[in-house]
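Peer 1: Could you put together the complete structure from these sequences and hints?
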Amino acid sequence: MALAVFHSEADLQRYGSVSLEEARCYIDALDLTYIAESMCAPHYPLPRWTHADAVQCCQLYKNFLFLLKKYLPMPLVPTREIDEFWHNHILYTRNYFHDCEKIFGHYLHHEPASPTDDGQALISNFLETKKLYLEEFGQPLVLTRT
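Just so it is clear: in the sequence shown, position 35 is 35 by this note's numbering, and no numbers are missing.
Calculated directly from the structure, the hints in this document are not laboratory data.
This structure is a prediction, so every number in the text was calculated from the model and none was measured.
Hints are supplied without guarantee of correctness; some may be wrong.
Claimed, not checked - Here are the computed lysine-lysine pairs in the DSS-like style, where the Cα-Cα straight-line distance is at most 30 angstroms:
1) K62 with K131
2) K130 with K62
3) K131 with K102
4) K102 with K62
5) K131 with K70
6) K102 with K70
7) K130 with K70
8) K102 with K130
Peer 2: Shown next as structure tokens:
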């Protein structure tokens, strides 16, 4: 699991440069099908995804981005599936940088959980993320694999 983090006060100050409504509109229109397709491709280095699972995870990831925008600097924690999708988004560095600028006003750093991190805090933050997701989207934060 991983946390989305800001590394500087300057990041936090720029965070408000994009309104929540602007971010929501951008996220809704954001086409990440190229990532879903790459996760289904025969050359994908991790266990390959079904198309339906990748498309569903894409929406979960986009919803997670919205939660990050709405609740940061709260330490939100993605599911393993969302984290994998996030990693794939980051691999397209130019797109990821551009998307972060449009949503957050700056680059959104991704920081993995460390073995020295407080496991209870990670679990607590994950449970809070699931609660916020359910409140915001009216459905549980879970990938129903096909």
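Peer 1: Now, for every hint given, state plainly whether the structure supports it.
Peer 2: Outcome of the hint check:
1. At most 30 angstroms may separate the alpha-carbon atoms for a hinted pair to count; K62 and K131 meet this at roughly 17 angstroms.
2. Distance restraint check for K130 and K62: the Cα-Cα separation of roughly 15 angstroms lies within the 30 angstroms cut-off, and the hinted pair is therefore satisfied.
3. With a C-alpha separation of about 26 angstroms, the suggested pairing of K131 with K102 holds against the 30 angstroms cut-off.
4. Pair hint K102 plus K62 holds up; C-alpha atoms about 13 angstroms apart against a cutoff of 30 angstroms.
5. Using a Cα cut-off of 30 angstroms, the hinted pair K131 and K70 holds, with the two alpha carbons roughly 14 angstroms apart.
6. Only pairs whose Cα atoms come within 30 angstroms are accepted, and K102 paired with K70 is accepted, the gap being roughly 14 angstroms.
7. Restraint check: the Cα-Cα separation between K130 and K70 comes to about 14 angstroms, which is no more than 30 angstroms; the hinted pair holds.
8. With a C-alpha separation of about 25 angstroms, the suggested pairing of K102 with K130 holds against the 30 angstroms cut-off.
Against the hints set out earlier in the document, no violation occurs for any number.
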